[in-house]
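The UniProt record's numbering puts the first residue of the sequence shown at 1, with every later residue one more than the last.
In short, the hints are calculated from the structure, not lab data.
One or more hints might be untrue.
Unchecked claim - As a list, the in silico DMTMM-like pairs of lysine to aspartate or glutamate whose alpha-carbon atoms are at most 25 Å apart:
#, residue 1, residue 2
1, Lys-39, Asp-18
2, Lys-39, Asp-16
3, Lys-39, Glu-23
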Amino acid sequence: MSAKQSNEQTPGSLVDVDQSLLERCQRLIEAGETVEAVKTYRAATGCGLATAQRALGLRL
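Required output: the full structure, derived from the provided sequences and hints.
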């Protein structure tokens, strides 16, 4: 494995997620827009549904 490959993250990994994204998603959740929060997180990170739910502390 090259040095470049070892530093790459998988799409949607929980590392290096912008704090403003998490805050925006949290505001959506607090407003009752849980599905929209998950969609927003997934669109910004490219992660899957389960990863987004875990990252946002949700169990849908």
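Hint-by-hint comparison with the structure:
Distance hint between Lys-39 and Asp-18 is fulfilled; the C-alpha atoms sit about 16 Å from each other, no more than 25 Å. A distance of roughly 18 Å separates the Cα atoms of Lys-39 and Asp-16; the hinted pair therefore holds under the 25 Å criterion. Annotation: proposed proximity of Lys-39 to Glu-23 holds, straight-line Cα distance about 14 Å (limit 25 Å).
Of the numbered hints listed earlier, not one is contradicted by the structure.
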